[in-house]
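Engineer: Sequences are here, hints too, so could you generate the full structure?
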Amino acid sequence: MFGDRQLSVISPATRDKEVFKWIPCRPGEIKDENSEIVDVISWVVSDVKEMSENPALVGLLKETDRSSYDDVSKLCDVYNKAIIDLWDTWIEENTVPEFFNRKASRGHVQFILLQCYNRAVSDPDKLNQYPPFSPQVYGETSFELISQMIDTIAVTSDDVFIDLGSGVGQVVLQVCASTDAKFCYGIEKAEYPANCASRLDSTFRHWMSFYGKSYRPYTLERGDFLSAEYQEKITNAGVLFANNFAFGPEVDHQLKQRFANLKEGARIISSKAFCPLNFRITDRNLGGTVFL
Numbered sequence: 001m002f003g004d005r006q007l008s009v010i011s012p013a014t015r016d017k018e019v020f021k022w023i024p025c026r027p028g029e030i031k032d033e034n035s036e037i038v039d040v041i042s043w044v045v046s047d048v049k050e051m052s053e054n055p056a057l058v059g060l061l062k063e064t065d066r067s068s069y070d071d072v073s074k075l076c077d078v079y080n081k082a083i084i085d086l087w088d089t090w091i092e093e094n095t096v097p098e099f100f101n102r103k104a105s106r107g108h109v110q111f112i113l114l115q116c117y118n119r120a121v122s123d124p125d126k127l128n129q130y131p132p133f134s135p136q137v138y139g140e141t142s143f144e145l146i147s148q149m150i151d152t153i154a155v156t157s158d159d160v161f162i163d164l165g166s167g168v169g170q171v172v173l174q175v176c177a178s179t180d181a182k183f184c185y186g187i188e189k190a191e192y193p194a195n196c197a198s199r200l201d202s203t204f205r206h207w208m209s210f211y212g213k214s215y216r217p218y219t220l221e222r223g224d225f226l227s228a229e230y231q232e233k234i235t236n237a238g239v240l241f242a243n244n245f246a247f248g249p250e251v252d253h254q255l256k257q258r259f260a261n262l263k264e265g266a267r268i269i270s271s272k273a274f275c276p277l278n279f280r281i282t283d284r285n286l287g288g289t290v291f292l
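At position 18 of the sequence shown (counting the first as 1) the number is 18 in the UniProt record's numbering, and the numbers step up by one without a gap.
Since the hints were made in silico from the structure, they are not lab data. Take every hint as true, because none was put in to throw you off.
Derived DSS-like pairs (lysine-lysine); straight-line CA-CA distance at most 27 Å:
(1) 272 to 126
(2) 74 to 62
(3) 74 to 17
(4) 31 to 62
(5) 233 to 272
(6) 21 to 62
(7) 189 to 263
(8) 233 to 189
(9) 103 to 17
(10) 49 to 103
(11) 31 to 74
(12) 263 to 233
(13) 49 to 17
(14) 81 to 103
(15) 81 to 62
(16) 272 to 256
(17) 272 to 189
(18) 103 to 182
(19) 126 to 31
(20) 31 to 21
(21) 81 to 49
(22) 263 to 182
(23) 21 to 74
(24) 31 to 17
(25) 31 to 81
(26) 17 to 62
(27) 189 to 256
(28) 49 to 74
(29) 62 to 103
(30) 62 to 49
(31) 182 to 256
Beta-carbon label-pair distances, calculated as ranges:
(32) 125 to 55: 43 to 49 Å
(33) 151 to 102: 16 to 22 Å
(34) 253 to 190: 18 to 24 Å
(35) 62 to 95: 26 to 32 Å
We put the beta carbon where it would ideally sit given N, CA and C, even for glycine.
Structural biologist: As structure tokens, then:
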């Protein structure tokens with residue numbers, strides 16, 4: 001009976017309910033799936049000004065035992081009532097709340113991408129051929145590296161961003177959620193990561209809607225970025241990212257030929273140098289930037 005328990009959390013942006021299945025656990029045993037419920041509420045409370053000013057909710061959030069169904073259930077009840085009351089106020093006063101349709105904070109983007117990844121990638125071991133983006137380093141390394149890229153390379157509303165060999169797509173999603181890019185493309189040839197990317201895409205849109213967060217337009221495509229159909233996209237891109245450790249010399253060579261036709265001012269970020277003109281952002285595995 002206890003294995004079928006569910007808890008719902010109301011979206012602050014849409015008023016829809018997100019239903020979570022409670023995973024049975026021993027006292028003091030914290031399951032990731034159960035802890036996520038508290039994390040979701042915590043991010044909403046920190047993002048929605050009126051919620052952060054609710055002392056009863058904030059206090060309960062700090063005291064909640066994440067291994068206790070009763071504790072988490074009580075937190076959900078108090079949170080949901082607070083959201084419903086806020087919605088009634090917003091409707092009555094014809095108010096658009098401050099949090100709505102603004103960018104998520106960096107930490108919130110990271111949490112959302114982790115939520116999406118956990119739902120979209122059913123067999124992470126199949127992604128071991130993409131070491132910088134494997135689940136083992138997702139939260140610790142890859143997000144941090146892309147954050148450094150974003151901080152170093154100013155992606156503007158005039159820039160199209162392309163990830164060449166985009167894997168499951170989390171780099172594209174991080175860029176579209178964190179920058180003012182005109183458009184973001186991800187192109188992935190391999191079947192399994194491309195299928196995961198399709199699920200990640202729909203899951204990302206769902207959670208961004210749940211939190212009421214804005215993001216730039218993007219698409220994740222299955223295809224060969226060396227094929228003729230992508231030549232124009234590559235040529236017109238302002239920022240190109242390539243995790244080219246595993247590309248091999250032939251793919252590197254073909255990409256360098258295509259890069260010769262990039263528009264003036266285009267920037268390339270790679271995990272290893274395509275040519276000697278290379279400025280290293282860090283001494284870690286994210287290689288650098290080539291200014292053309």
